[in-house]
Amino acid sequence: MMDMNILVLLKPVPDPEQERDIQIDTGSGRIVREGVKHVIDPESRNALEAALQLAKKPGGEPGFVAALAMAPAQMKDKLTEALAMGADEAYLLSDKAFGGADTYATSYTLAAAVRKIEAEKELQFDLILAGTSSSDGGTSHVAVQTAEWLGRTHISNVCSIELPDSAAGGALIRAVKRSEEVMLTFEGEGPAVIGVTRDINKPRLVTAMGIIKARKKPLTVWNIEDLVIDPDKAGLAGSPTKPGRLFKPETGRTAKEPWETPEEAAAGILEIIREAGI
Amino acid sequence: MDYHFTEEQGLLRDAFAQFAKEEIAPHAAAWDAEDHVPMDIVPKLGEMGIMGVFVPEEYGGTGLGHIERCIALEEIARYSAGLAMMVFTHHLGVAAIVDYGTEEQKQKWLPGMCDGSCVCGLAVTEPGGGSDVAGLKTVAVLEDDTWTINGRKCFITNSHCAGVTVVTCRTGEDEKGRPLMSTIAIEAGTEGFKPGREENKLGLRGSFTGELIMDNVKVPAGNTVGAPGKGMPITMKELGEVGRASMAAIELGILRACLEDAVAFAKERVLYGKPISKLQAIQFQIAEIRCDYEASRLMLYNAAAMKDEGKVGAEFSMAKYFISEAAVRSAKRLMEIMGGYGFVNEYPAGRYLRDAVGCIPSCGTSEIQKMIVAGETLKKF
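Which chain is which? The protein sequence lines are A and B, in order. Sequential numbering from 0 applies to the first sequence in numbering that gives the first Met the number 0. Sequential numbering from 0 applies to the second sequence in numbering that gives the first Met the number 0.
In short, the hints are calculated from the structure, not lab data. None of these values were measured; they are calculated from a predicted model. Hints are not guaranteed to be accurate.
In silico negatives: residues of chain A with every beta carbon more than 10 angstroms from chain B [said to hold, decoys possible]: (1) 70; (2) 75; (3) 79; (4) 156; (5) 164; (6) 204; (7) 206; (8) 208; (9) 211; (10) 214; (11) 222; (12) 226; (13) 241.
Some, not all, of what chain B presents toward chain A, calculated at C-beta under 7 angstroms [unchecked claim]: (14) 17; (15) 61; (16) 311.
From the three backbone atoms N, C-alpha and C, an ideal C-beta is built for every residue, glycine too.
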């Protein structure tokens with residue numbers, strides 16, 4: 000069986016379950032991250048689970064799984080969590096100079112980190128996995144753009160990844176992409192960048208023993224000086240995207256006088272649904 | 000809601016909370032209604048590292064401390080105090096083996112107790128009482144390196160599921176005629192050892208509570224946990240430091256359930272055109288629950304940290320007394336906030352109250368805790 004080397008791009012995001020606590024800074028138009036609980040983006044977690052399943056198949060030679068994130072230093076625990084899930088190493092890109100990056104600058108910085116990891120480890124990742132779309136930004140850009148910076152094949156919205164001939168030592172990767180009407184199957188060899196969707200798997204839970212094992216796994220923090228990059232292409236300075244007006248939609252409820260009869264209620268509810276355009 | 004947890008403890012709390020949300024929350028109401036003991040979840044608790052959370056790694060445990068143990072119990076009890084009772088009593092028996100067992104006993108029993116293939120128990124209480132350890136009547140006689148045990152224990156958690164139970168027995172008298180106790184491990188299936196009546200409880204349902212009957216049970220002297228005759232201090236130490244801490248953690252979980260449900264209901268329930276959370280009368284109730292919760296968690300985790308540093312005194316008794324009463328108060332407040340909804344079994348407020356009340360006698364009633372606190376206070380100040 001082929002030993003897979005897989006890198007997972009992780010994104011810490013504000014906990015989607017605490018959406019109502021998220022505030023937006025009206026000046027900068029950005030999410031206020033201080034005081035908000037962050038979690039690993041749900042699709043990133045699926046990507047990590049896929050990597051672990053592909054690289055750590057029972058009975059086979061264990062492959063290598065690394066996790067990479069660009070985030071403020073206080074998000075380091077999210078990479079520890081990735082190590083606790085089973086990743087072998089983790090890398091955090093953290094520097095004020097990376098702050099305010101749009102997907103263009105983010106992917107540029109991530110690609111530089113990928114090159115550095117590969118150079119230091121003297122390997123090329125067979126696969127780079129990421130969530131297709133994060134729960135906060137939701138642009139679906141980063142995996143694709145990172146692949147473009149690296150000059151690698153990429154596919155997004157992937158709901159299944161298989162290694163059909165790995166038992167015979169082959170390197171074929173089969174990915175199934177979900178589109179609106181059909182399922183598309185792609186086959187090819189790495190290196191490739193794949194963006195996965197939530198339905199690809201059910202991520203494993205972190206266990207106490209996983210957390211204990213994470214203590215001994217390397218977690219490297221790099222700042223802008225550690226990467227070979229053009230500082231003008233990183234962070235806010237390197238971000239061509241300027242956010243427009245960001246605001247929280249009004250989700251408050253109002254009381255309504257009840258309808259007199261079930262028939263009136265049915266018609267009234269239908270009218271509300273129509274007005275809402277649902 | 001972060002106490003001063005380390006990054007690792009924070010991760011652990013998130014991991015246990017996620018596990019509880021996925022594996023416990025969806026079933027907790029049914030376990031209570033049907034008094035079903037979910038034995039199928041025990042291996043999963045083992046896999047999560049909860050069954051052996053404080054057991055050294057060389058015996059299959061996770062090698063963490065009592066803060067982490069309390070975190071696990073709080074998260075489980077947030078959704079099912081009944082299941083938490085099973086885990087806590089398991090920890091109680093395991094602690095006796097970790098602290099006082101021989102190397103052979105540890106090698107033999109602890110790995111299975113950590114991976115969830117063997118539930119442990121600890122049996123002290125008898126029909127005549129529980130806190131009066133010196134008055135226990137179960138007798139063990141040692142002859143030819145074999146204990147012969149006769150007696151009956153009651154109100155024993157895990158009575159009908161434990162693979163190994165550490166039983167406190169009277170084994171002699173000292174020179175002044177005072178009873179000497181020993182703690183002896185009995186494996187399920189040993190001839191003459193069987194569970195008796197299973198109790199139908201008001202609360203903490205979803206865990207076994209019942210009798211254990213010992214009728215000429217013969218076990219090797221090698222099953223003695225700790226030195227013969229030292230069963231009283233062993234029992235008192237484990238009940239006092241592991242048992243009371245556990246009960247306080249379970250009560251804290253119930254208290255948090257009350258807090259979270261009170262807030263959710265108050266924001267959801269609309270009266271007079273606005274959520275009832277806008278009403279001062281409701282806000283006062285929520286403030287009372289919040290204060291009880293915050294004070295309780297400070298007391299518990301401070302005591303657990305002291306235990307991990309090896310210097311705990313009456314802190315667990317203070318925590319157990321305060322939090323058990325606070326949990327009952329908070330469950331009643333939740334029921335008041337919820338009005339009629341609090342009284343119907345479709346909502347869990349009634350279960351929280353039954354569970355909170357059920358916690359009070361376990362590991363010592365409030366009066367027992369106050370006696371311990373007063374005893375230390377009168378010496379210390």
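Verification of the hints:
Every C-beta of chain B lies more than 10 angstroms from that of residue 70/A, the closest at about 15 angstroms, which supports listing it as non-interface. Against the 10 angstroms criterion, residue 75/A falls within the reach of chain B, whose nearest CB is about 8 angstroms from its own CB. Its beta-carbon lying about 6 angstroms from the closest one in chain B, residue 79/A breaks the requirement of being farther than 10 angstroms from that chain. Every CB of chain B lies more than 10 angstroms from the CB of residue 156/A, the least distance being 26 angstroms, so the non-interface label holds.
With a minimum CB-CB distance of about 32 angstroms to chain B, residue 164/A clears the 10 angstroms threshold, and the non-interface call stands. Residue-level check failed: residue 204/A sits 5 angstroms from the nearest beta carbon of chain B, not beyond 10 angstroms. Not every CB of chain B lies more than 10 angstroms from the CB of residue 206/A, the least distance being 5 angstroms, so the non-interface label is violated. Under the 10 angstroms C-beta cut-off, the non-interface status given to residue 208/A relative to chain B is violated; the minimum distance is some 5 angstroms.
A beta-carbon of chain B comes within 10 angstroms of the beta-carbon of residue 211/A; the shortest separation is about 6 angstroms. Against the 10 angstroms criterion, residue 214/A falls within the reach of chain B, whose nearest CB is about 7 angstroms from its own CB. With 10 angstroms as the threshold on Cβ separation, the claim that residue 222/A sits away from chain B holds: the shortest Cβ distance comes to roughly 20 angstroms. Against the 10 angstroms criterion, residue 226/A stays outside the reach of chain B, whose nearest CB is about 25 angstroms from its own CB.
Interface exclusion of residue 241/A from chain B stands, the closest Cβ pair being 35 angstroms apart, more than 10 angstroms. Because the smallest distance between the Cβ of residue 17/B and any Cβ of chain A comes to about 6 angstroms, under 7 angstroms, the interface hint for this residue holds. With its C-beta approaching chain A no nearer than about 4 angstroms, residue 61/B sits inside the 7 angstroms limit, and its interface hint holds. Evaluation of the residue 311/B hint against chain A yields a violated restraint, the C-beta minimum of about 22 angstroms exceeding 7 angstroms.
In this structure, the earlier hints numbered 2, 3, 6, 7, 8, 9, 10 and 16 are contradicted, and the remaining ones agree with it.
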